[in-house]
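The numbers in UniProt numbering rise by one with no breaks, and the one at position 488 of the sequence shown is 488.
Just so you know, these hints were derived from the structure itself, not from any lab.
A couple of the hints might just be wrong.
Ranges of calculated distance between the beta carbons of each label pair, as one might list FRET restraints [stated by the list, open to error]: (1) M687 <-> G112: 31 to 39 angstroms; (2) T526 <-> G112: 52 to 60 angstroms; (3) A385 <-> K89: 22 to 30 angstroms; (4) S266 <-> N593: 56 to 64 angstroms; (5) S543 <-> Y692: 52 to 60 angstroms; (6) M718 <-> N204: 51 to 59 angstroms; (7) T452 <-> G13: 41 to 49 angstroms; (8) Q4 <-> R194: 49 to 57 angstroms; (9) Q592 <-> V113: 48 to 56 angstroms.
Glycine included, every Cβ here is placed at the ideal spot set by N, Cα and C.
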Amino acid sequence: MALQASPGVVAIGATITLRGTHFSPHSFVGLSIDRGIPILDTAGSSVVRTDAQGNFTDTVVALADWHSGSHTLHAEDSLTHKAATFSIKLTGNGQALRPAHLRTSSESFDFGVGDTITNSVKTLMLLNTGGGQISWQARSNHDWLKISPTSGSFVGGQDMHISVAVDRSHASPGVYMGQITFTSNAGNNVLAVRMEARNLRPLNMGALGVTPPVLSYIAHDGGASPSPQDVTLFNPGVGLLTWDASADVGWLKVLAATNTLVPGESKPLRLAVDSHAMLPGVYRATVTVRGFGMDGQEVPGSIQKIYVVVTVTQGCLLQTVPNTLSFSGMEGGTFPATQTLKISALHSCPGALNWSVSSDAKWLHLSTSNGTTPSSLAISVDTSALQPAILPATYSAALSLSSATGVQVLPVTLTLNATPSPAMTLSSTHVSLSALTSQDSPAQQSIVLTNTGKGQLTWKATTTTTSGGSWLSVSPASGTLEAGASQQLSLSAMLPINSGSGVYNGTLTLSGTDSIGSQLAGGMRTIPISLTVRSSCALSVGSGSLTFTTSAYQTTAVERTFTLSEQENCDAKLAWRARVTSGGNWLQVSDQNGTLTPGESDVVRALVTSSQLAPGTYRGSIAVTSYDRQTGQDLGAANTITVTLMVGAPCSVKATTPSRLDLTPQNASGQFTVSVSNTCMRNVIFMPEVAYSDNGNGWLTIMSPTSSVAPGDSVTFMLTVDATGLGPGTYTATIQLDASTGGSYIEGNPQTLTVTFTVPDITTPGSSPTP
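Produce the complete structure using the sequences and hints provided.
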């Protein structure tokens with residue numbers, strides 16, 4: 001077989017005509033260039049079909065991102081897996097090749113909630129936002145988190161669809177967090193995953209589950225089909241089920257010995273892939289599994305989907321690490337460090353490959369022009385060969401690596417920067433300090449000095465004040481910073497001499513020089529500093545103790561309030577905060593901080609909850625302090641509120657009186673009484689429900705469906721029997737009396753009462769046994 005391309009020398013954007021002869025009749029032929037990168041014809045397909053004689057004609061457009069130079073076109077027969085090649089030369093100025101960069105279509109997936117027979121699958125796209133080829137691998141950190149495929153490669157302008165699935169078949173109820181880590185030669189990414197599992201609801205029939213929901217196969221171009229793989233079908237229900245499975249493509253076979261599952265049974269379902277006619281690439285299929293009960297109706301869990309991905313790897317090709325090269329240097333500085341390119345052959349190659357390499361840039365130097373795999377190539381840069389440019393500047397070049405398998409083009413970039421200069425950046429343009437006349441020393445404030453330039457910075461800081469003496473200082477006062485480094489400067493203030501309430505002003509001045517002692521462009525940096533001195537004010541707390549009373553195990557909070565106030569003659573607002581300092585999580589405050597205006601007050605609620613407390617006495621405390629809003633430091637001692645919680649016996653209901661009723665047609669009505677303890681915090685709602693035994697139902701009626709009972713009180717329920725349609729025998733029913741009071745715990749709940757109704761056997765008078 002043979003491949004011809006015309007013209008052999010073509011400009012970027014021109015159309016190339018491809019003619020293939022003596023391929024397999026009526027077969028598919030895959031089109032690719034250089035490293036097996038698929039190319040699309042003018043109809044948008046990378047695959048063409050031959051005629052009855054095994055010939056084909058197709059057209060492709062020479063794209064700008066192919067890069068000018070020599071290239072090899074490949075046409076591979078899908079039946080024989082042999083390829084014909086044809087070399088072309090591309091002329092003109094192709095676009096500069098950008099380095100490959102891996103990006104994902106999403107940073108997180110939330111699969112929501114599902115039971116053990118509910119698998120969830122979502123599609124994630126891997127994107128190459130640059131040029132060149134990306135080889136990637138994916139790894140999950142949990143067995144319940146699946147991905148298919150788990151590795152692959154693709155080039156710029158393409159994307160890769162990944163199936164991400166969660167398998168709940170072995171998950172206990174709860175929320176699960178996991179992640180999938182993508183590693184590649186073009187960057188790494190992490191996908192965060194959340195899912196929630198719940199128990200399977202009780203069933204009265206069979207149910208169908210499948211694990212895992214995704215499968216990955218790897219096949220080699222022209223090699224044997226991959227080994228079959230199994231998924232597991234299981235029946236967590238209570239009835240027998242039958243199932244059937246079908247694939248949506250012909251190359252995927254479903255192999256199964258039986259198609260029934262008894263309750264609790266698991267069986268393998270084998271899936272086999274026929275890859276003999278597949279070209280390199282990624283193939284996807286879906287297997288649909290349905291489950292049916294004995295009545296022919298679909299059972300819970302039907303329909304299940306199994307998503308299958310087959311990756312067919314390339315044939316013999318050269319492989320380079322890395323696949324792009326980037327250099328950077330300084331104007332007039334030393335040359336960038338030499339980099340090494342490792343050259344090897346893919347595992348599918350029958351042996352070593354001979355290769356040759358050339359460069360299209362004079363500033364790019366190669367240690368050798370040819371070799372045999374595996375080998376390496378040292379690549380260096382001579383910046384003196386570059387044309388003058390406005391800095392910073394970026395230069396682009398390409399390496400052409402040729403072998404019997406084709407030509408591989410590697411992009412090379414060089415970034416040249418100007419000589420570095422330091423720069424000072426401050427985190428703040430103004431600093432405000434505050435103090436009370438009762439304080440020995442105001443709190444410190446800090447600013448951050450950062451060298452945002454490219455060279456070493458030598459700096460010095462000084463302080464001055466306009467009144468009140470030398471109350472301002474800075475530490476440290478000098479130092480050096482490398483590019484990108486930062487230094488925290490602490491500003492301290494002493495109360496000015498003979499100070500009273502008022503505002504005092506000062507200045508922080510910073511100067512800097514570069515590595516040779518020259519002053520920085522822009523001169524010195526100055527920051528105004530203000531110190532506000534206020535009269536001391538006191539926080540007043542209205543109550544020093546709080547007492548609560550409640551019953552045990554109640555979820556409803558009980559609250560008390562206390563009042564905070566500030567003196568009317570204060571000259572500033574007072575910030576306060578309240579926090580629980582002892583006791584436990586049964587004690588909380590509604591507001592943890594706030595601001596008081598002189599002469600006004602705030603009301604704060606203290607709340608207690610006994611949901612986790614047994615009867616007894618519990619003690620805790622709440623601390624309330626005032627603090628400086630700027631520094632966060634407390635002003636004076638804390639005000640302590642002692643808290644006492646007395647927990648009584650829990651709300652309870654007592655057993656029904658009587659505990660059993662035996663009724664007859666002559667005595668077809670009755671009553672029972674249930675009482676509520678006086679420890680309940682609110683009315684208790686009773687809701688009776690009747691459950692019948694297997695030999696009859698609907699014969700018992702409770703006159704009141706619900707009833708509300710006050711603490712310490714009781715309620716009597718009346719019931720009657722309708723014997724219509726009941727034959728001789730004894731009938732049994734159970735009354736379950738559910739009690740509720742706003743979701744709180746109730747001891748003795750629920751109560752049950754057994755009711756029997758006996759219908760006697762009526763004998764016809766005068767009858768005698770038949771001999």
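Checked hints:
| no. | hint | result |
| --- | --- | --- |
| 1 | M687 <-> G112: 31 to 39 angstroms | holds (32 angstroms) |
| 2 | T526 <-> G112: 52 to 60 angstroms | holds (57 angstroms) |
| 3 | A385 <-> K89: 22 to 30 angstroms | holds (25 angstroms) |
| 4 | S266 <-> N593: 56 to 64 angstroms | holds (58 angstroms) |
| 5 | S543 <-> Y692: 52 to 60 angstroms | holds (58 angstroms) |
| 6 | M718 <-> N204: 51 to 59 angstroms | violated (34 angstroms) |
| 7 | T452 <-> G13: 41 to 49 angstroms | holds (44 angstroms) |
| 8 | Q4 <-> R194: 49 to 57 angstroms | holds (56 angstroms) |
| 9 | Q592 <-> V113: 48 to 56 angstroms | violated (33 angstroms) |
Hint check: violations occur at hints 6, 9; the rest are consistent with the structure.
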